[in-house]
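Next come the chains, spelled out residue by residue.
Protein chains: 2
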Amino acid sequence: MQAGKSLSPLLTDLYEMTMAAAYYRREMCSPATFSLFVREYPSHRGYLVSAGLEHVLDYLEAFQFDQKDLGYLKDTGLFPGEFLDYLETIRFTGNVHAIPEGRLFFKDEPVLEITAPIIEAQLLESFVINVINLQVSIATKASRCVHAAQGRNLIDFSLRRTQGMDAGLKVARASYLAGFGGTSNVLGGKAYGIPISGTMAHSFITSFEEEIVAFRAFAETFPDNTVLLIDTYDTIAGAKKAAEVGKEMERRGYSLKGVRLDSGDMAQLSKDVRKVLTDCGLESVKIFASGAFDEYKITDVLQKGAEIDAFGIGTKMGVSADAPYTDMAYKLVQYGNRPVLKLSTGKKTLVSKKQVFRTRTDTRIIQDSIALREEEMEGEPLLKPVMEKGERTDPQEPLATMRQRFSEEFALLDDCYKALKDPDEFPVKLGPELKKLQEKVVRKVIKKELGES
Amino acid sequence: MQAGKSLSPLLTDLYEMTMAAAYYRREMCSPATFSLFVREYPSHRGYLVSAGLEHVLDYLEAFQFDQKDLGYLKDTGLFPGEFLDYLETIRFTGNVHAIPEGRLFFKDEPVLEITAPIIEAQLLESFVINVINLQVSIATKASRCVHAAQGRNLIDFSLRRTQGMDAGLKVARASYLAGFGGTSNVLGGKAYGIPISGTMAHSFITSFEEEIVAFRAFAETFPDNTVLLIDTYDTIAGAKKAAEVGKEMERRGYSLKGVRLDSGDMAQLSKDVRKVLTDCGLESVKIFASGAFDEYKITDVLQKGAEIDAFGIGTKMGVSADAPYTDMAYKLVQYGNRPVLKLSTGKKTLVSKKQVFRTRTDTRIIQDSIALREEEMEGEPLLKPVMEKGERTDPQEPLATMRQRFSEEFALLDDCYKALKDPDEFPVKLGPELKKLQEKVVRKVIKKELGES
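Going down the list, the protein sequences come from chains E and U.
First residue of the first sequence? That's 590 in this note's numbering, and the numbers climb one at a time after it.
First residue of the second sequence? That's 590 in this note's numbering, and the numbers climb one at a time after it.
These are calculated hints, taken from the structure and not from any lab test.
Just so you know, not all the hints are guaranteed correct.
Identical chains blur together in the list; that is why a pair holds if it fits in one copy or across any two.
[Said to hold, decoys possible] Under the rule of at most 20 Å between Cα atoms (straight-line distance), these lysine-lysine pairs were calculated in the PhoX-like manner:
1) 1024 with 1007
2) 829 with 1036
3) 829 with 1037
4) 886 with 936
5) 846 with 864
6) 875 with 1037
7) 1036 with 860
8) 860 with 663
9) 1010 with 696
10) 657 with 942
11) 1024 with 864
12) 893 with 937
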């Protein structure tokens, strides 16, 4: 569940396997290049964050059908025995170019290209889209929350309502990559080395006869790390009790670290709670807020002057609620030496192996160009060779490195592209050679497929 | 990843563990009852479908910390050694009552209640919400698609854009439970015994020099199961080529099973394609449609007279795009003999162990009542004992049984509650004893917690 190592190659759509069987029968084994890209921005997005590549590489390294997989496929009665014998031997032997995790990318740009014998490259489609789509969606959403929070710390609280456990782990990772400070997800912390964080639930409060007794019990157990949840019955009454416990802690040589608000009018309550704390001389106690926060609600409460030091960000980030998927596609762009495309309404693809070039000044990124892989263009090439003949070109990259990379590049992106609503469209051009080839292939295909009809 | 069997108990929020440590220090080991329920319907929903219980029971049966888990917890430096020694011995020893999978339930109704020593019941919170929330959201969404399709077959095509691989499997299961006919997800088919289904992708077409050559190659490999994707270049031109291949297949003693449309104006194209097929004497060829379908788009194309026999339903169902989460909570309702609740703004809970009673006639369900567990009410009690002292009361139920249960009960729900927009609210009342106890506890809590402030 965590990464690709132990995942079954049956995590695929049946049609990948029936197509593979047809390729096999026709002895089609030329190298194919598939390109992974986003056709349209999700609503209100003006950029995307590359994320999830490590899990693709893990999966490719381990790609192999075991006897149980093959037994199931045999039992379906769909596949010739010869093809199943072939599947037993299949491994991933291809090359992968990708934009490293943590970098920004834009629509139409290939974030990953796989070149491999067509059967291998085809079978991977469902997995590759799934893994990258989720983490790109979440890293992008999380980066919007980070931008809205203007330097305040954010913690991923989403595990309970992510769409499954795999998503829970990937959300912890992708949100940390995009600048969150930690996660409440214990296994996420263990799996990816992310700082873990947590306070208490309402059940803790209600399990005690009185709220203040619950506060004291927690403070005794975790005197160095006490954040008290104060809205179970009434937030202001809770703040006063928390302040009382905070003073008791001071007398024992400890400090109350914070209080958490989880319901009600957060802007007003945070000011009122700050006053309660200040009146008791507890200026250093942090106010932590949670409850349906996302980039929009963060912006709203901060505009209203909320005195909140940190946010727990749950469901709406964890499912990217306003844009729960990205229109990401994995399309064949070259077979053998032949550049290919489809013309389906609203779903056109760019032909051939590509590279993306980015131009920038010292302080901002200016423009991207999508070009043919071998085309010479100004700017930094973003797609790097990350796997050759089925083996990684470099060892696994630490998540901290990707996180730092994101933080640095995000600072170079103008605010107009980061606007939470109706952002400007970042300029992405086509290289002249790609443009020429694209037009030539479109003409050829139209002539061949429609001229005859 | 598939079920609960091998999942780590670290799939939890850190606060569950810090609370557990505080309970442990205070020697709090009385039985606690937690209630899992939905506070508000997701937008445009008027009912919910119970789903995911089996995975909770699997998880509870296997619940155990291993040495790696404990090593990680020790390394965090957060927990006393004595508490970690205790965690090593912990197993789930409690009781579970639940509404069986496939039944309808409504807001405020407990779909599951767990009674166990408080530490056990607390540690499960994140997992239980996660598993049930996802499957309820998806089964409910899928049931809306089934309702809209008016008997046409639906296939789950969502794997590539579900939020992770775990979600991919759970969506295959939950959508089948709610009446889908199958899934494209091969591992989903293997894991849950769901029929698998698939056609071909655009990459198959474009990998051949000509579209019709691709059609022929597929028809030769799968002569009994050929559904041709016809929109790669132009849908009508594609339909004519498919018809040509269909006639060739007839001459060899086979039949073309279907064609698939994946883009463009589906209502109009389906009529035009039907005409192409009929003009060639291919009346029996089915028209299959995919591409951004959900209950709304199905309704739209059918109202426009689309001649579509079956639908592939992908992303929008697979992430429940218009309602990607359900406002589901797991709340302490009783500790020892004391009924408890919280008063947080907009997040009130109902006290104590409960039962839900459903009244019906032969042809429709009429009303539910939420009552105390021991309260005597008219109607069928929906919550069944499914686990006692940590062991299942019954063997695992086949998915087909749940699917049948759903189909039967869904037919008894009036259409006014199934409306895709602004459905009526199904009548759910509170039993008199529950109402009385609730009021008493609210008064007591207000007096104790707010009277003092």
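Taking the hints in turn, this is what the structure says about them:
1. In this assembly of identical chains, residue 1024 and residue 1007 lie within 20 Å of each other by CA distance neither inside one copy nor across copies; the values are 29 Å within and 50 Å between.
2. Within a single copy, residue 829 and residue 1036 get their C-alpha atoms only as close as 78 Å, which misses the 20 Å cut-off; across copies the closest is 16 Å, which meets it.
3. For the identical chains of this complex, residue 829 and residue 1037 are inter-copy neighbours only, at 14 Å across copies versus 78 Å inside a copy, given an alpha-carbon limit of 20 Å.
4. With identical chains, the CA atoms of residue 886 and residue 936 are at most 20 Å apart between copies only, with a shortest distance of 18 Å across copies and 34 Å within one.
5. For a Cα distance limit of 20 Å, the shortest separation of residue 846 from residue 864 inside one copy, 16 Å, qualifies, whereas the shortest one across copies, 72 Å, does not.
6. For the homomeric pair residue 875 and residue 1037, neither the shortest alpha-carbon distance inside one copy (68 Å) nor that between copies (27 Å) is at most 20 Å.
7. Proximity of residue 1036 to residue 860 under the C-alpha cut-off of 20 Å is found in neither arrangement, the shortest distances being 69 Å within a copy and 26 Å between copies.
8. In the homo-oligomer, the alpha carbons of residue 860 and residue 663 never lie at most 20 Å apart, since the shortest distance is 66 Å inside one protomer and 38 Å across protomers.
9. Taking the shortest alpha-carbon separations for residue 1010 and residue 696, only the intra-copy value of 17 Å comes in at or below 20 Å, while the best inter-copy value is 33 Å.
10. Neither within a single protomer nor between protomers do residue 657 and residue 942 lie at most 20 Å apart by alpha-carbon distance, with minima of 36 Å and 44 Å respectively.
11. With identical chains, the CA atoms of residue 1024 and residue 864 are never at most 20 Å apart, being 62 Å at best within one copy and 38 Å at best between copies.
12. In the homo-oligomer, the alpha carbons of residue 893 and residue 937 never lie at most 20 Å apart, since the shortest distance is 45 Å inside one protomer and 26 Å across protomers.
In terms of the numbered hints stated before, the structure departs from hints 1, 6, 7, 8, 10, 11 and 12, listed from lowest to highest.
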